[in-house]
Amino acid sequence: MGIFRRGLSKTRQSFFGRISQLLGNTEIDDDTWDDMETLLIQADVGFNTTVQVVDALQARVRAEGITRSDQLRDALKAELAALLSFPPALDISGRELSIILVVGVNGSGKTTSIAKLAHRLKNLSGRKVMIAAGDTFRAAAIEQLQTWGERIDVPVIANRPGSDPGAVVYDATMAAKARGYEILIIDTAGRLQNNYNLMRELTKISEVSGKVVPDAPHEVLLVLDGTTGQNAIEQAKSFQEASGVSGVIVTKLDSTAKGGMVFSIFHDLHLPVHYLGLGETIDDLVLFTPEFFVDSLFDDDDQEN
Amino acid sequence: MFDSLTQRLDTAFEGLRKGGTVKEADVKAVMREVRMALLEADVALPIVKDFIKQVRQRALGEEVHKALKPSEQVVKIIHEEMVDMLGEAGRLSFSGSSAPHVIMMVGLQGAGKTTNTAKLALHLRSSGRKPMMLAADTYRPAAVDQLVTLAKQIGVPYYEEGTSDTPPNIVRRGLKQARDSKADIVLIDTAGRLQIDDTKMEELEEIKRISSPAEILLVADAMTGQEAVNIARGFNESLGISGLILTRVDGDARGGAALSMRAVTGVPIKYMGTGEKVSADTLELFHPDRIAQRILGMGDIMSLIEKTETLYEEEEALRLQSKIMKNEFTLQDFLDQLQKIRRMGPLGKVMGMIPGMSKLQTQAEINSDDMEKRVRKVEAIINSMTPHERRHPRILKASRKKRIAAGSGVEVSEVNELLRQFRQMSRLMNQISRGKMPKIPGLTA
Numbered sequence: 011m012g013i014f015r016r017g018l019s020k021t022r023q024s025f026f027g028r029i030s031q032l033l034g035n036t037e038i039d040d041d042t043w044d045d046m047e048t049l050l051i052q053a054d055v056g057f058n059t060t061v062q063v064v065d066a067l068q069a070r071v072r073a074e075g076i077t078r079s080d081q082l083r084d085a086l087k088a089e090l091a092a093l094l095s096f097p098p099a100l101d102i103s104g105r106e107l108s109i110i111l112v113v114g115v116n117g118s119g120k121t122t123s124i125a126k127l128a129h130r131l132k133n134l135s136g137r138k139v140m141i142a143a144g145d146t147f148r149a150a151a152i153e154q155l156q157t158w159g160e161r162i163d164v165p166v167i168a169n170r171p172g173s174d175p176g177a178v179v180y181d182a183t184m185a186a187k188a189r190g191y192e193i194l195i196i197d198t199a200g201r202l203q204n205n206y207n208l209m210r211e212l213t214k215i216s217e218v219s220g221k222v223v224p225d226a227p228h229e230v231l232l233v234l235d236g237t238t239g240q241n242a243i244e245q246a247k248s249f250q251e252a253s254g255v256s257g258v259i260v261t262k263l264d265s266t267a268k269g270g271m272v273f274s275i276f277h278d279l280h281l282p283v284h285y286l287g288l289g290e291t292i293d294d295l296v297l298f299t300p301e302f303f304v305d306s307l308f309d310d311d312d313q314e315n
Numbered sequence: 013m014f015d016s017l018t019q020r021l022d023t024a025f026e027g028l029r030k031g032g033t034v035k036e037a038d039v040k041a042v043m044r045e046v047r048m049a050l051l052e053a054d055v056a057l058p059i060v061k062d063f064i065k066q067v068r069q070r071a072l073g074e075e076v077h078k079a080l081k082p083s084e085q086v087v088k089i090i091h092e093e094m095v096d097m098l099g100e101a102g103r104l105s106f107s108g109s110s111a112p113h114v115i116m117m118v119g120l121q122g123a124g125k126t127t128n129t130a131k132l133a134l135h136l137r138s139s140g141r142k143p144m145m146l147a148a149d150t151y152r153p154a155a156v157d158q159l160v161t162l163a164k165q166i167g168v169p170y171y172e173e174g175t176s177d178t179p180p181n182i183v184r185r186g187l188k189q190a191r192d193s194k195a196d197i198v199l200i201d202t203a204g205r206l207q208i209d210d211t212k213m214e215e216l217e218e219i220k221r222i223s224s225p226a227e228i229l230l231v232a233d234a235m236t237g238q239e240a241v242n243i244a245r246g247f248n249e250s251l252g253i254s255g256l257i258l259t260r261v262d263g264d265a266r267g268g269a270a271l272s273m274r275a276v277t278g279v280p281i282k283y284m285g286t287g288e289k290v291s292a293d294t295l296e297l298f299h300p301d302r303i304a305q306r307i308l309g310m311g312d313i314m315s316l317i318e319k320t321e322t323l324y325e326e327e328e329a330l331r332l333q334s335k336i337m338k339n340e341f342t343l344q345d346f347l348d349q350l351q352k353i354r355r356m357g358p359l360g361k362v363m364g365m366i367p368g369m370s371k372l373q374t375q376a377e378i379n380s381d382d383m384e385k386r387v388r389k390v391e392a393i394i395n396s397m398t399p400h401e402r403r404h405p406r407i408l409k410a411s412r413k414k415r416i417a418a419g420s421g422v423e424v425s426e427v428n429e430l431l432r433q434f435r436q437m438s439r440l441m442n443q444i445s446r447g448k449m450p451k452i453p454g455l456t457a
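Residue numbers (this note's numbering), protein chains in the order written: chain D, 11 to 315; chain U, 13 to 457.
Isolated chain U (complex conformation) (with noise of 0.2 Å):
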């Protein structure tokens, strides 16, 4: 994986003190690394130049910070600046229009549109709104019926028409529908297309004169590279976009296109895809900051706490705490807790989320195959377990510890292993749960 921008400019600043003053010859040399990795995260080439110059005027003579490592400095100087040029996260505006209000969909195929127009949908309608959903793409194969089984999936009303008339005639009846429904936001789903595709995209400018919309949304892909230079201005050239809903942020995809996007557009991101299933939790508001140090790499830890706590439903929570509480904690427990942790991705990646651990990693040469290799065996020995053994670890002896090892393909010493540790963890979360301090062997107050 990438380096961490900062032992990126460890390297670049060798020749700088603390406390001395950045000059230009140190400023080259870094800068240079900086483009590197900008580039490398996606983000578009006239946009590093730029974001580069910037930087650079900040970070002349400014005295480095006593407390500071001239790279930190430089990447404190960095974050800042790109925290700021990714704007603020945009809210949706119907100033100046009248109910219904529409809201255009728009982007390349496959950016995410018709699964975003019912995040959207169901979004709206959680905050008092009362959506409809209008289905435009008469091109792609079922997309209609994929429209209809999402409005039907989250209960949102929606209009169709199949793939029998042209697109701005399906539009202008689906908005005589939503009026006559007192509908007060219709969400139209357009076809996909190229930004260079000059009939489509004058088939969404008639779309725009029809509906007169009050935010046109361009939907595009959290992954997309250099290109996403020119489907950004293309489609603000032709439609002029009010806003970005940026897709498939659960991916692992650095995001530079998000940059590049707001850079050449000028409009905010307004909303951040985070997962496939139209749900709550599934489309956020636009946080610059998390964007930003991702970008740069600098590890996400909001994104994994927001991650932890989704996955750690409030009752669940709970539940666990009390069964800790009263020394409950079951090897079943262990096993689910391990598998949520899981599904947040692989090991390594997840360790690569806090900052500080991908460093960490190649320090100590943290292998994460090995690590998922370990935790791989230590699933495969409990699922090796009957019910009963997971509740009552103390009943497991050399036979149906022979059984497990065998049933798992590891030796019984694992199995020893995998217990002694499962006694350590539950003894010392107990302790925690009633404000004990723990006593953990070799560590002294």
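So that you can see chain D by itself, here it is in the shape it has in the complex (with noise of 0.2 Å):
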């Protein structure tokens, strides 16, 4: 529990207040369909998974011969949760150097999540991680990058602001294999999904890093801002056509934010969410359950934290 609950308990509160009170009406009737639809979306889960969830219900409703609404609670959940599944664990054994790019929107939490990537490989799996500071454009992401390999005490490979990042990243790959370090991390700087000329420019880099090590980058990690509402797919599909996205981070879960998107995250892309961000401290990236996203939802009657 701890951390993820902590974090998650406004997002519990607030989505389960609601879907318990829902719930706790009499009979179900047209009007609890439209007010599960109506919460569904006010949680940023979108509206085609929505509709797909509220179908099923209704089908399991009939199939089940469920008629009070109070009983909709576990059906809805067990729902939910079979759109999620448990994350394969990340591809960065079994090979002398592995690579992760991280890529995401301006603003979206790269440069944290990646300190606290590098901080959790490093302390909890024992793995010897090193930094890309592969965000050359915005001011002072490179000194915010080296700020946090200080504190978490991983080197940071970076050059002059401004530098072209494929450079960069061609030098940190080197260092990194000539170092023998096991996994080099890439920060990469925020672009916009729909500015043609900087996605682009993120095939370049993802390129280049498999100049030099075969199939690399092994994991490109998409971070998003958990309070991000239905352009997160948007988001999502271009980084994944641009860089061939595998996995994705989300961040900022500890807000009010419902993190609803992670459902049509894994339902319409078939993209695994490995992390949750939950705060700005270092050790505040859990790992994604689907049992346990789900049930942190819907279980007010833990009132531990």
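Careful: at least some of the hints might be erroneous.
Below 30 Å or equal to it, Euclidean Cα-Cα: the simulated DSSO-like pairs (lysine-lysine) are [to be verified]: (1) K413/U to K214/D; (2) K338/U to K132/D; (3) K214/D to K389/U; (4) K87/D to K413/U; (5) K247/D to K289/U; (6) K61/U to K221/D; (7) K247/D to K385/U; (8) K385/U to K221/D; (9) K247/D to K389/U; (10) K214/D to K61/U.
In short, the hints are calculated from the structure, not lab data.
Computed from a predicted model, the values in this text were never measured in an experiment.
Join the two chains into one complex using the hints; note that each chain is given alone, in its own frame.
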């Protein structure tokens, strides 16, 4: 529980607070379905996924003879959980050097997430981790990463601001290889997914690492801001196209945002969510598990935190 | 992508004829569509409900204009109501405050506060003010460095103490410095924080007490989802914000958050951020009309025009014009223009910004990927030519064409096709620029 619960307690309260209010009603009628639909949408679950969940629930209600709306709770929980799956382990073992490329729009929390991830891999998994400061565009992005690097004692390979990110990636990959590091995490500048040239640059950066290490990058993690609405899906699609996103980190879920995008990401795009960012401190990156995520949305009995 | 609202409403209005009266039953089905469309555009649910109530009242009993389809009529009402609700573009106001006037920038982490602090400082300076930037984000690593770098870049004075003291203390001394140096506006860049973080919200309240700001601007991401309501309400209740800056409007989010935040706080949206570079053209005054069209998916023709205008700087346009007049428009120029258009985004999206195009696309099943591929091919072909060849396509004979085809991975016939189209186009442009009516094959006057 611990931090996951603490971070998600706001999500749980506001989401389930309303769900239970709704499900406390008596008979299931048209209003129940309308309300459920809007509640899911309000949790940023997205229109298509919402319609699918509600349709599936309606079928279940008919098949199982559910008549009272409070019985819907378990059914809803099951339907939501069915949309998620346990993310596979990151593909960062079994080779000399594994490369993780981190991408996303501006301000989604890439740099912070990278620091947290590096810290996790180094301390929890005992791996030798290096970071490449590939964001050469944003003012002081390099310094931000270097500050984190010092705090968590992970080397950061950087070049001058404004220099070619591809060159930094090349240098860092060579350095990691030469110095026997097992994992290289590459930071990239934030970019909006509808900026064609910047997306093309990302493709190039991704290819550069592959020139030094076969099949690299081995993981491409998209960092999504948890407070983002339906545009999250567009982001995931475009970044997937440009850089072959293999998984997602959802940040800022310690807010009152509902994190409903997680369902769409899994269900519509078949992308696993690996981690959730739940705060500003270095330990606030937790592994995603579907049961826990859904439970945390629903478990109103758990008041221990 | 989303169907346009008009298309959706067409279906809902199937029973209703032109010139009829909008009735309760029609309205119900239609309002459901409107609700879904607004939710898809990330307008927050409580706001959607209020909005629908208003539109329903106006739509009911209204006679459908003879010239309009019922769906168009309702879309017109919706559009008007939304522009109304979004409100006028707000201006900064320093009345009731004495120099140095303080602007406090607040918001969530990653909303774009530091960048927009610099943009606003630049904007104020170009309107004759003497701004100073004050670095009060001591939490995010290197946030102070970022502010200092940007301040130096745009040549605006700044005050910073690194992370050596608490933000309120830094602000206190920064204000003194501002008075001493006769700055007339101080922009305080505060750290990003969640509106539910009581300790950090109290810190903002303290900064507010110390600095008596003339403006407290909430910087918010245009991509924000349903959470927009909580964010805006939270910051407004603690601080009493005076305006909003909507950032990342250059993205392709529908921007429903603008409506949610405006409705919940009642404060005007003052600026829109439209790019990551700190320059005069990446901070714009708020255009309610544009945002309304965007939320409704009605195409964003104004933005498109303006985007095009920014790209074609005046000088360059003149240069091109004279080239076209003299029949000197080359394949290189063609390539440059093509790349400029592409910089606006994937072609499919650029097309989608033109009203009617999204519908056209569905009808004609124009695949934007396909289009993208074709353009890429054209680029590859031109890129395989030498600079000399680009300027003098006439010298392209069989052997050169073969080389270009091999270099760009296409057939010689495709190179020929491009050259043919280019010749046609330059002829056409030459005629237009000379004020002659171009003769377009297949079109009769």
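Status of each hint after checking the structure:
1. K413/U to K214/D: holds, 28 Å
2. K338/U to K132/D: violated, 65 Å
3. K214/D to K389/U: holds, 18 Å
4. K87/D to K413/U: violated, 63 Å
5. K247/D to K289/U: Satisfied, since the Cα-Cα distance of roughly 25 Å is no more than 30 Å.
6. K61/U to K221/D: Roughly 54 Å separates the two Cα atoms, so the pair is violated.
7. K247/D to K385/U: holds, 18 Å
8. K385/U to K221/D: With Cα atoms ~25 Å apart, K385/U and K221/D stay inside 30 Å; holds.
9. K247/D to K389/U: Holds, because 23 Å separates the two Cα atoms, which is no more than 30 Å.
10. K214/D to K61/U: violated, 46 Å
Hint compliance for this structure: hints 2, 4, 6 and 10 are not met, and every other hint is.
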